[in-house]
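A.B. asks: The lines below spell out each chain.
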Amino acid sequence: MSETHTNDELLAHTPLFDQHIELGGKMVPFAGFSMPVQYRQGALKEYQWVREGGSGIFDITHMAQVRVEGQQALEYLQYVTTNDVSALVDGQVQYSALLNTQGTFIDDITTYRIDAHHYYLCINAANRHKDVAHLLQEAKNFDVRVVDESDSTTLLALQGATAQSLLQPIINHDLELIGYYRFAQVQIEGIDAIVSRTGYTGEDGFEIYIPNKAAQSVWQALTAAGAMPIGLAARDMLRTEMGYALYGHEINDQVTPVEAKLMWITKLSKGDFIGRDAVLARKEQGANNKLIALKVTGRGIPREHYLVHCDGKEVGFITSGMHSPLAGGGVALAYVSPDFAESDTLTIDIRGKAIATERTTTPFVRSNVRK
Amino acid sequence: MTIPADLKYTKEHEWVRIEGDQATIGLTDHAQEALGDIVFVELPELDRELSIEEAFAVVESVKAVSDVYSPVAGTVLSINESLEETPESVNSDPYGDGWIAKVQLSNSDTSHLMDAEAYAALLAE
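From first to last, the protein sequence lines stand for chains A and B. Just so we're aligned: the first sequence equals residues 1 to 371 in the working numbering. Just so we're aligned: the second sequence equals residues 1001 to 1125 in the working numbering.
For the record, the hints were derived by calculation from the structure and aren't laboratory data. Ideal placement from N, C-alpha and C gives every residue a C-beta, glycine not left out. Some hints could be false.
Said to hold, decoys possible - With a cut-off of at most 27 angstroms between alpha-carbon atoms, the simulated BS3-like pairs for lysine-lysine come out as follows:
(1) 295/A / 1063/B
(2) 261/A / 130/A
(3) 26/A / 213/A
(4) 290/A / 1063/B
(5) 261/A / 290/A
(6) 353/A / 1063/B
(7) 261/A / 295/A
(8) 45/A / 1063/B
(9) 353/A / 313/A
(10) 140/A / 267/A
(11) 261/A / 283/A
(12) 270/A / 130/A
(13) 295/A / 45/A
(14) 290/A / 353/A
(15) 261/A / 371/A
(16) 283/A / 267/A
(17) 1008/B / 1102/B
(18) 26/A / 1063/B
(19) 45/A / 26/A
(20) 313/A / 295/A
(21) 270/A / 371/A
(22) 353/A / 1102/B
(23) 1011/B / 26/A
(24) 1063/B / 261/A
What the hints assert, rightly or not - Chain B residues, not near chain A, derived (Cβ > 12 angstroms throughout):
(25) 1001
(26) 1004
(27) 1019
(28) 1075
(29) 1120
Said to hold, decoys possible - Label pairs and their calculated CB-CB ranges:
(30) 1017/B / 298/A: 24 to 34 angstroms
(31) 190/A / 1064/B: 42 to 52 angstroms
(32) 32/A / 1123/B: 25 to 35 angstroms
(33) 1020/B / 32/A: 50 to 60 angstroms
(34) 1123/B / 52/A: 26 to 36 angstroms
(35) 23/A / 1121/B: 25 to 35 angstroms
Please take these sequences and the hints and turn them into a complete structure.
C.D. replies: Here it is as structure tokens:
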């Protein structure tokens, strides 16, 4: 078989590196960190565990957090993000994006409102430095302080039907009171933490922001209670089955929210924001490409970069694809040129063979998030 | 790490069982462990002619697509179609139910292949 070899790189470690090694983690470079792509049990078992009712615990400390506070925190965030920040109440989260002046994506993010003058942004690991530089630059025009707190923050996700029951014993706050896309400032073993009912898997669950010093004890407590450690490969399977965007795949600096089907987080009516004019123009002119969902009806696994054809003509490409055990076959997200986005005869080129597909909608499998 | 003594091996981690002028080919225990959960196998066509080191099958794990290279020269005699339904046999029984193809040898020279001891030494490097 063919093997790939990774280069030796100077990689950062999260506070849980030793735990990952002990659990048989296969470590790979990811956004400058050494992260587990899977553990001893393998990605397929990890994915199945989370889908079949177990709780999975994910070390996602490589992700970045930025604190935004000041008199004009709201005005600033309204200007730099796409979603309507004024719709948030204390303890609420929204999915959002940072655009550049061309209306294309700098990143997708989540915005947490602590109070009217105090917010947190959670941003992608791979875009941390780019995002922070942009946020600091824009902050110069507002009475606001922007602080990169990534290095001191550990982020864990606990996802699955039993997540709440596993987490409740170590939290001093009734988790039942935290609704979907809401969060609370809590204490875990006396240490201040933020717990939100959010996630990237389509299961009920939480994201847990803690200071680095609490990382190991919280991880041990949750794994001892029965949470299975889940690596990046299973994480990618779970989010793809939901049709959730991943920067570098469905969103990048070449597409606007019009193409990426993210107009629902782009509130053109809220007032001016970076990229608004460009997005409006694109909306009026029509998307350059359409993001569609495909289910493979032939035999083969669709993967990123494979080409999409219509009657032998190249009309698009896969952005994310996988074998979905739950959906019973290959599923993929693809950008397709608008004239062919409604076609019923799209095929995927897999090693020179045209594999049949049918158009579908996301999520590819049932979402169990608590609405 | 299992390395059956009666098989021959390649540096690309294929095993081959030679029985007269026929050979059975699969992936070694080391290979299946390195690849992770196999979710798809693309088998060769029957009667296809293979040369040594020619890529003739594909195994796909969750994350990666890997070529399988032929340890021998010959014609594809039979393929393990059960891998279409249960590709995980490559993981669970790499030397048994996980076999990939049987080849009618056109050349019985096996001097280019490693024995079990040499393969073990390669893995130890």
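A.B. asks: Hint by hint, say whether it matches the structure.
C.D. replies: Hints, verified against the model:
Proposed proximity of residue 295/A and residue 1063/B is supported: the alpha carbons are some 18 angstroms apart, at most 27 angstroms. Note on residue 261/A and residue 130/A: the hinted pairing holds, with a Cα-Cα distance of about 23 angstroms set against a maximum of 27 angstroms. A C-alpha spacing of about 24 angstroms is found between residue 26/A and residue 213/A, which places the hinted pair at or below 27 angstroms, so the restraint holds. At most 27 angstroms may separate the alpha-carbon atoms for a hinted pair to count; residue 290/A and residue 1063/B meet this at roughly 26 angstroms.
At roughly 8 angstroms between alpha-carbon atoms, residue 261/A and residue 290/A fall within 27 angstroms of each other, so this suggested pair holds. Restraint check for residue 353/A and residue 1063/B: satisfied, since their Cα atoms lie roughly 20 angstroms apart, inside the 27 angstroms limit. Proximity of residue 261/A to residue 295/A is assessed by CA-CA distance (about 18 angstroms); at most 27 angstroms being required, the pair is judged to hold. In summary, the hint linking residue 45/A to residue 1063/B is supported, as the alpha carbons are separated by about 14 angstroms, within the 27 angstroms threshold.
Restraint check: the Cα-Cα separation between residue 353/A and residue 313/A comes to about 13 angstroms, which is no more than 27 angstroms; the hinted pair holds. Restraint check for residue 140/A and residue 267/A: the C-alpha separation of about 24 angstroms stays at or below 27 angstroms, so the hint holds. At most 27 angstroms may separate the alpha-carbon atoms for a hinted pair to count; residue 261/A and residue 283/A meet this at roughly 11 angstroms. At roughly 25 angstroms between alpha-carbon atoms, residue 270/A and residue 130/A fall within 27 angstroms of each other, so this suggested pair holds.
Distance hint between residue 295/A and residue 45/A is fulfilled; the C-alpha atoms sit about 22 angstroms from each other, no more than 27 angstroms. For the given pair, residue 290/A sits about 24 angstroms from residue 353/A by alpha-carbon distance, which is consistent with the 27 angstroms threshold. For the hint pairing residue 261/A with residue 371/A, the CA-to-CA distance comes to about 21 angstroms; that is within 27 angstroms, so the pair holds. For the hint linking residue 283/A to residue 267/A, the alpha-carbon distance of about 12 angstroms falls within 27 angstroms, and the restraint holds.
Pair hint residue 1008/B plus residue 1102/B holds up; C-alpha atoms about 14 angstroms apart against a cutoff of 27 angstroms. For a cut-off of 27 angstroms, the pair hint linking residue 26/A to residue 1063/B stands: about 13 angstroms separates their Cα positions. Between residue 45/A and residue 26/A the CA atoms are separated by roughly 15 angstroms; this keeps the pair inside 27 angstroms, and the hint holds. For a cut-off of 27 angstroms, the pair hint linking residue 313/A to residue 295/A stands: about 19 angstroms separates their Cα positions.
About 25 angstroms separates the Cα atoms of residue 270/A and residue 371/A, which keeps this hinted pair within 27 angstroms; it holds. Between residue 353/A and residue 1102/B the alpha-carbon distance is near 24 angstroms, which keeps this suggested pair within the 27 angstroms criterion. Under the criterion of a C-alpha separation no larger than 27 angstroms, the hint pairing residue 1011/B with residue 26/A is consistent with the structure, at around 22 angstroms. Simply put, residue 1063/B and residue 261/A have alpha-carbon atoms about 26 angstroms apart, close enough for the 27 angstroms limit, and the pair holds.
The non-interface label for residue 1001/B is consistent with chain A: the shortest C-beta to C-beta separation is roughly 15 angstroms, beyond 12 angstroms. The claim that residue 1004/B lies off the interface holds: its Cβ sits roughly 18 angstroms from the closest Cβ of chain A, which is beyond the 12 angstroms cut-off. Separation of residue 1019/B from chain A is adequate, the least Cβ-Cβ distance of about 23 angstroms exceeding the 12 angstroms criterion. For residue 1075/B, the requirement that its beta carbon stay farther than 12 angstroms from each beta carbon of chain A is met, with the minimum near 21 angstroms.
Residue-level check passed: residue 1120/B sits 18 angstroms from the nearest beta carbon of chain A, beyond 12 angstroms. Range check, residue 1017/B to residue 298/A: Cβ separation about 33 angstroms, and the 24 to 34 angstroms hint holds. Separated by about 44 angstroms at the C-beta atoms, residue 190/A and residue 1064/B satisfy the suggested range of 42 to 52 angstroms. For the pair residue 32/A and residue 1123/B, the supplied restraint of 25 to 35 angstroms holds, since their beta-carbon distance comes to about 31 angstroms.
In this structure the hint that residue 1020/B and residue 32/A lie 50 to 60 angstroms apart at CB holds, the actual value being about 55 angstroms. A beta carbon spacing of about 35 angstroms between residue 1123/B and residue 52/A agrees with the range 26 to 36 angstroms that was offered as a hint. Distance hint check: the CB atoms of residue 23/A and residue 1121/B are about 30 angstroms apart, consistent with the given range 25 to 35 angstroms.
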